[in-house]
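A.B. asks: So the chains spell out like this:
There are 2 protein chains.
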Amino acid sequence: MTDEMAKGLGERIPASLPNALRYHGLLVNTATGLYGWGAELETVYSGLANALSAEVAHKEPTELHFPPILPRAVFEKSEYVASFPQLFGAVHAFQGDEFAHEDLEKAVAKGEDWGGHTQLTDFVLAPAVCYSVYPLFGGSVLEGSRTVDASGFCFRHEPSTEPGRLVSFRLREFVRVGSPAEASTWFDDWHARASAFVRRLGLEAKVEAASDPFFGTTGQIMADNQREEGMKAEVVAPIGGHPVAVASINYHHDHFGRIFDIRSADGEPAHSACVGFGLERIALALVAAHGPRLAEWPDDVRELLWSGRTKW
Amino acid sequence: MTDEMAKGLGERIPASLPNALRYHGLLVNTATGLYGWGAELETVYSGLANALSAEVAHKEPTELHFPPILPRAVFEKSEYVASFPQLFGAVHAFQGDEFAHEDLEKAVAKGEDWGGHTQLTDFVLAPAVCYSVYPLFGGSVLEGSRTVDASGFCFRHEPSTEPGRLVSFRLREFVRVGSPAEASTWFDDWHARASAFVRRLGLEAKVEAASDPFFGTTGQIMADNQREEGMKAEVVAPIGGHPVAVASINYHHDHFGRIFDIRSADGEPAHSACVGFGLERIALALVAAHGPRLAEWPDDVRELLWSGRTKW
Numbered sequence: 001m002t003d004e005m006a007k008g009l010g011e012r013i014p015a016s017l018p019n020a021l022r023y024h025g026l027l028v029n030t031a032t033g034l035y036g037w038g039a040e041l042e043t044v045y046s047g048l049a050n051a052l053s054a055e056v057a058h059k060e061p062t063e064l065h066f067p068p069i070l071p072r073a074v075f076e077k078s079e080y081v082a083s084f085p086q087l088f089g090a091v092h093a094f095q096g097d098e099f100a101h102e103d104l105e106k107a108v109a110k111g112e113d114w115g116g117h118t119q120l121t122d123f124v125l126a127p128a129v130c131y132s133v134y135p136l137f138g139g140s141v142l143e144g145s146r147t148v149d150a151s152g153f154c155f156r157h158e159p160s161t162e163p164g165r166l167v168s169f170r171l172r173e174f175v176r177v178g179s180p181a182e183a184s185t186w187f188d189d190w191h192a193r194a195s196a197f198v199r200r201l202g203l204e205a206k207v208e209a210a211s212d213p214f215f216g217t218t219g220q221i222m223a224d225n226q227r228e229e230g231m232k233a234e235v236v237a238p239i240g241g242h243p244v245a246v247a248s249i250n251y252h253h254d255h256f257g258r259i260f261d262i263r264s265a266d267g268e269p270a271h272s273a274c275v276g277f278g279l280e281r282i283a284l285a286l287v288a289a290h291g292p293r294l295a296e297w298p299d300d301v302r303e304l305l306w307s308g309r310t311k312w
Numbered sequence: 001m002t003d004e005m006a007k008g009l010g011e012r013i014p015a016s017l018p019n020a021l022r023y024h025g026l027l028v029n030t031a032t033g034l035y036g037w038g039a040e041l042e043t044v045y046s047g048l049a050n051a052l053s054a055e056v057a058h059k060e061p062t063e064l065h066f067p068p069i070l071p072r073a074v075f076e077k078s079e080y081v082a083s084f085p086q087l088f089g090a091v092h093a094f095q096g097d098e099f100a101h102e103d104l105e106k107a108v109a110k111g112e113d114w115g116g117h118t119q120l121t122d123f124v125l126a127p128a129v130c131y132s133v134y135p136l137f138g139g140s141v142l143e144g145s146r147t148v149d150a151s152g153f154c155f156r157h158e159p160s161t162e163p164g165r166l167v168s169f170r171l172r173e174f175v176r177v178g179s180p181a182e183a184s185t186w187f188d189d190w191h192a193r194a195s196a197f198v199r200r201l202g203l204e205a206k207v208e209a210a211s212d213p214f215f216g217t218t219g220q221i222m223a224d225n226q227r228e229e230g231m232k233a234e235v236v237a238p239i240g241g242h243p244v245a246v247a248s249i250n251y252h253h254d255h256f257g258r259i260f261d262i263r264s265a266d267g268e269p270a271h272s273a274c275v276g277f278g279l280e281r282i283a284l285a286l287v288a289a290h291g292p293r294l295a296e297w298p299d300d301v302r303e304l305l306w307s308g309r310t311k312w
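Chains X and Y supply the protein sequences, listed in that same order.
If you're matching positions, the first sequence starts at 1 in my numbering and goes up one per residue.
If you're matching positions, the second sequence starts at 1 in my numbering and goes up one per residue.
In short, the hints are calculated from the structure, not lab data.
Where hints are given, some of them may not hold.
To be verified - DSS-like mimics (lysine-lysine), calculated; alpha carbons at most 30 Å apart, straight line:
no.: 1; chain 1: Y; residue 1: K77; chain 2: Y; residue 2: K206
no.: 2; chain 1: X; residue 1: K106; chain 2: Y; residue 2: K232
no.: 3; chain 1: Y; residue 1: K77; chain 2: X; residue 2: K110
As the list claims (entries may be wrong) - According to the in silico footprint, chain X covers these stretches of chain Y (three or more CB under 8 Å from chain X):
no.: 4; stretch: 62 to 70
no.: 5; stretch: 155 to 163
no.: 6; stretch: 266 to 273
What the hints assert, rightly or not - Not close to chain X: a few residues of chain Y, all C-beta gaps over 10 Å, as computed:
no.: 7; residue: T32
no.: 8; residue: H58
no.: 9; residue: E105
no.: 10; residue: D122
no.: 11; residue: R200
no.: 12; residue: R227
no.: 13; residue: A245
Glycine included, each C-beta is placed from N, C-alpha and C at the ideal position.
Assemble the whole structure, with the sequences as input and the hints as a guide.
C.D. replies: Structure, rendered in structure tokens:
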């Protein structure tokens, strides 16, 4: 973004994000929890993509990218609605005739809630990238384990001015599907690996036991169980003084194997584990730690992100 | 994607896409009109991104990237609902308590239409990237014109097996906002420029007068007017024998200037024009024309996409 644009758009950048971003025009505000971004942050995202590819290369994963949309059939099967009903986004569309269109237009013009003029489609917003991965192995018996390097935009309906809490964001997930031993080793290994990666970016990272935001009173019990059984951990790093989860490591046991009918060689439901990196959160933490000018970031961080590239 | 994955996932790739993609595992099917993709196509997308940046560099545009989501307030203001109600996607979310959650879960389990258990949120899916751009200039008087290079995922609710017709896809849009002369010159210039770009990719491109898919019987009149007044053109290239629009060039007159209160220096509503490139369609056309192995593509095409890169 040019300095002129940064100045012109400065007042549109929300006060809740680090000053660096606000004053230097790295983000443009579109709505609460929803931002556009300029060339600098895009350069950071592409650097992170490269660095993460290098991080997982020794596992020779299958690289897959997914659109921000998930088929509703997969979503319904995933049991996401049972655990996190407060977070999903379902895609509705207008499917009426010209008379119904007139009614829709009137409702929009009057500022009414026009949701009732639309119908549920076959699509939802992807709540996580790995939900697109499991169905690909559905109904199969795996010989050995599979590793997938999956990327895509996710949506969670939690509009917020909290730093790094976005409604639409990119996740990079390394997913392992296989035997219980293979999945739990993956889970264990990535505790050290993911936190070391974040530290090499010059960020103060620590690993913490964590739980998912399960819904309601039963959800609290599920969260307690998850924490007690050590099924989830997060790599936490500061964004402008606030500790924020920039990566999460999850052991799903046979949850997805069972749901999507994926079996290990022994015929039992496969186990799975994944590590997910929140690209926007890591980028915000980087800017908060190293400042808004990429050219002034520490040499080793620049090397990690853009080695072999001449741009920075 | 490894050969093994390609074989394993081969049967999931829809018959309607070019054989090259089906047999070589460049895409994985998730639902009708919705696909994941592997490392090869991602390399093509990043090459196209580079080549398009070079194409617009002389205009010194402001580079902006947007998430796949648009604020509902912007969408309502845009008059999209009047023209293309059949295409938009609105984001609905569950906002109830534990009792309502139980009802939602039951509806999902029974395979009922559970849309009524959710409410319209403040978000819709972006139908085009430039809708995120105009509000940034809202309420301002422009001194001279502005050029924005905007990228993002778009959604259109038209699930189809037609080659290149996706529900979720990437648009790269070069947007010009300014005086009538500046916008119409932009529109005129990009007829030749966009088609020349597509031809340099080794594709048989031609420019055709076009119209948008306006809804209903009034829509037909609007489409006829648009075509008559020469407000829209498309660059058409073959995907496996089918002619498909891979880029579109649009002159909006003062439509967005009026709606978003953007004014030229003379105080009149600004005019705007944009050229949009459909990355998935161009990539499919490239694979259809040059085959599934990127290393075997013509030297000049490889040079245009990946010059200065060592990967291919």
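A.B. asks: Could you run down the list of hints and mark each one as holding or not?
C.D. replies: So, going through the hints one by one against the coordinates:
{"no.": "1", "hint": "Y:K77 x Y:K206", "verdict": "violated (34 Å)"}
{"no.": "2", "hint": "X:K106 x Y:K232", "verdict": "holds (28 Å)"}
{"no.": "3", "hint": "Y:K77 x X:K110", "verdict": "holds (12 Å)"}
{"no.": "4", "hint": "62 to 70", "verdict": "holds (count 9)"}
{"no.": "5", "hint": "155 to 163", "verdict": "holds (count 3)"}
{"no.": "6", "hint": "266 to 273", "verdict": "violated (count 0)"}
{"no.": "7", "hint": "T32", "verdict": "violated (8 Å)"}
{"no.": "8", "hint": "H58", "verdict": "holds (15 Å)"}
{"no.": "9", "hint": "E105", "verdict": "violated (6 Å)"}
{"no.": "10", "hint": "D122", "verdict": "violated (6 Å)"}
{"no.": "11", "hint": "R200", "verdict": "holds (23 Å)"}
{"no.": "12", "hint": "R227", "verdict": "holds (21 Å)"}
{"no.": "13", "hint": "A245", "verdict": "holds (20 Å)"}
The structure fails to meet hints 1, 6, 7, 9 and 10 from the earlier list, while all remaining hints are met.
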